[in-house]
Amino acid sequence: MSKITRVALAIGATVVALAGTATAVQASGEDSAAEAAQRAVGAAAQAQNRAAMPETVIRFVNAASEKCLDVEGGWGSDGVNIQQFTCHDGNAQKWAAVAAPEGGFELRSVVSGKCLEVQSESTQERAVIDQWTCGRGAHQRWQLNLVDQVRKLYEVQPMNAPGMCLDIPGSSKQDSVKTQLWTCNRSDAQLWKVEKVK
Numbered sequence: 001m002s003k004i005t006r007v008a009l010a011i012g013a014t015v016v017a018l019a020g021t022a023t024a025v026q027a028s029g030e031d032s033a034a035e036a037a038q039r040a041v042g043a044a045a046q047a048q049n050r051a052a053m054p055e056t057v058i059r060f061v062n063a064a065s066e067k068c069l070d071v072e073g074g075w076g077s078d079g080v081n082i083q084q085f086t087c088h089d090g091n092a093q094k095w096a097a098v099a100a101p102e103g104g105f106e107l108r109s110v111v112s113g114k115c116l117e118v119q120s121e122s123t124q125e126r127a128v129i130d131q132w133t134c135g136r137g138a139h140q141r142w143q144l145n146l147v148d149q150v151r152k153l154y155e156v157q158p159m160n161a162p163g164m165c166l167d168i169p170g171s172s173k174q175d176s177v178k179t180q181l182w183t184c185n186r187s188d189a190q191l192w193k194v195e196k197v198k
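Just so we're aligned, residue 1 is where the sequence shown starts under this note's numbering, counting upward by one.
Derived by calculation from the structure, the hints in this document are not laboratory data.
Treat the hints loosely; a few may be bogus.
As the list claims (entries may be wrong) - Here are the simulated distance ranges between beta carbons: (1) G79 / R136: 27 to 37 Å; (2) Q149 / S120: 29 to 39 Å; (3) R126 / D78: 19 to 29 Å; (4) Q149 / G76: 18 to 28 Å; (5) D148 / K173: 26 to 36 Å; (6) Q149 / G74: 28 to 38 Å; (7) G79 / Q149: 31 to 41 Å; (8) G74 / K173: 20 to 30 Å; (9) D78 / K152: 28 to 38 Å; (10) D89 / G113: 13 to 23 Å.
Since the model is a prediction, treat every value here as computed from it, not as a measurement.
Note that the Cβ used here is the ideal one computed from N, Cα and C, for glycine as well.
Use the sequences and the hints to build the structure in full.
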C-alpha cells in the first residue's frame with residue numbers, strides 16, 4: 001500500500017462508492033441510435049445509483065489547534081472565508097466529501113452547499129480559502145493524503161496547486177483565524193484529523 005493513502009481508505013466504503021466516474025454518452029459514427037440509447041439508459045441508472053448513496057459527511061480538526069474547519073458565521077454566501085473555530089455540532093463545521101469525476105474530492109459545506117475553494121484559483125502562498133458555488137474547477141477539488149499514520153493525520157491539498165496545503169497561519173490556536181494556502185511542510189498547522197460525522 002502506498003505511504004500516501006487516499007482518505008477514502010480511512011473514512012470507509014461510502015466515499016469509495018462515491019468515487020465512480022461520470023459516464024459520457026455519445027454516439028460514434030459506428031453506433032446505431034439504439035445502441036447509443038441503450039448506453040444512455042445504463043449511464044442514467046448508474047447516476048441514479050450514485051445519487052441514492054448517502055453522502056459521507058466529515059469534519060476536519062487541525063492538529064496544532066484542535067479546532068475545526070468552519071464556515072465563518074455559518075453564512076451561505078459565495079466568498080465567505082473559511083476559518084478555524086472551536087469544534088461544535090453545527091453544520092458550519094460539516095463537509096460532504098464528494099468524489100469528483102476529474103479526480104479528488106469536492107468538499108461541500110453542509111450549511112451552505114458550497115464548495116471549499118482556493119480564492120481566484122491562486123497557486124500562491126497566503127491565498128485565501130473560501131466557499132463558492134461548486135463549479136468543478138481544480139481549485140475546488142482536493143486531495144486528502146495520509147502523512148502521519150500513527151496519529152491518522154492528513155494533508156489537504158488543492159488539485160490546482162501541487163505542493164500547497166490548507167494551513168493555519170502561524171500554527172495559531174485562536175478562534176476565527178482564517179485558513180490559507182501554504183507550501184506543504186508537514187507541520188501540525190497543515191495536518192488535519194478527518195472525522196466521519198455521518
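Hints, one by one, checked against the model:
{"no.": "1", "hint": "G79 / R136: 27 to 37 Å", "result": "18 Å, violated"}
{"no.": "2", "hint": "Q149 / S120: 29 to 39 Å", "result": "34 Å, holds"}
{"no.": "3", "hint": "R126 / D78: 19 to 29 Å", "result": "21 Å, holds"}
{"no.": "4", "hint": "Q149 / G76: 18 to 28 Å", "result": "37 Å, violated"}
{"no.": "5", "hint": "D148 / K173: 26 to 36 Å", "result": "19 Å, violated"}
{"no.": "6", "hint": "Q149 / G74: 28 to 38 Å", "result": "33 Å, holds"}
{"no.": "7", "hint": "G79 / Q149: 31 to 41 Å", "result": "36 Å, holds"}
{"no.": "8", "hint": "G74 / K173: 20 to 30 Å", "result": "22 Å, holds"}
{"no.": "9", "hint": "D78 / K152: 28 to 38 Å", "result": "33 Å, holds"}
{"no.": "10", "hint": "D89 / G113: 13 to 23 Å", "result": "19 Å, holds"}
Violated hints for the displayed structure, listed by number in ascending order: 1, 4, 5.
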